[in-house]
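**Student:** The numbering used here puts the first residue of the sequence shown at 718, with every later residue one more than the last.
Careful, some of the hints might be misleading.
Said to hold, decoys possible - Result set (EDC-like, lysine to aspartate or glutamate): computed pairs, CA atoms no more than 16 Å apart in a straight line: (1) K760 - D782; (2) K848 - D782; (3) K848 - D756; (4) K848 - D871.
Since the hints were made in silico from the structure, they are not lab data.
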Amino acid sequence: MQKHLSFFVQTQTIAFLLFSLLGIGRLSAQVTVSSMKTDYPAKQISFTVTWDTPAYNNQIWLIVDYIKVEGTSTAGTWSRALVTGATATTTGNVTASTVSGNRGFWLNASGSSGSSGSANVTATLSLAADKFNWCAYAFDLPPNATPKTGGGYDLHGTPPFTING
């Protein structure tokens with residue numbers, strides 16, 4: 718039993734190291750969000766998005782969650798914010814584009830900026846709250862669906878999903 722367990726641990730360790738060297742199953746995120754700031758009267762948030770490898774199709778999908786603040790505590794539950802406008806500033810060729818009625822937006826990095834870089838992003842939110850806490854999330858793969866062999870689909874990404882057809 719001890720011999721089998723030792724072999725299993727060695728095999729798992731080798732596989733983990735191999736996948737890490739090949740860039741599969743990375744320990745750190747390829748896209749990070751940092752330096753967050755809030756302009757409450759304008760309902761705008763600002764943050765920096767950094768990527769260290771090319772994003773899928775040179776696009777980064779960003780979403781924002783928020784919770785209302787009343788007095789010194791939070792009220793309600795965390796919800797996805799509707800982003801009505803977004804801009805990106807950087808030295809490279811990076812733009813931000815909203816998707817009408819969607820609860821996220823794209824950061825488009827083309828040319829040499831697509832391989833690695835950073836952008837300062839400002840997003841305008843449509844919220845009923847005057848004060849709020851928020852979190853921004855960046856994904857280097859867009860939400861998608863893959864067909865199952867027995868029929869149906871597996872949904873990947875962040876809900877809510879809109880399925881047409």
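**Student:** Would you mind marking each hint as holding or not holding in the structure?
**Tutor:** Checked hints:
Between the alpha carbons of K760 and D782 the distance comes to roughly 13 Å, so the proposed pair stays at or under 16 Å and holds. For a cut-off of 16 Å, the pair hint linking K848 to D782 stands: about 13 Å separates their Cα positions. Simply put, K848 and D756 have alpha-carbon atoms about 10 Å apart, close enough for the 16 Å limit, and the pair holds. Pair hint K848 plus D871 does not hold up; C-alpha atoms about 37 Å apart against a cutoff of 16 Å.
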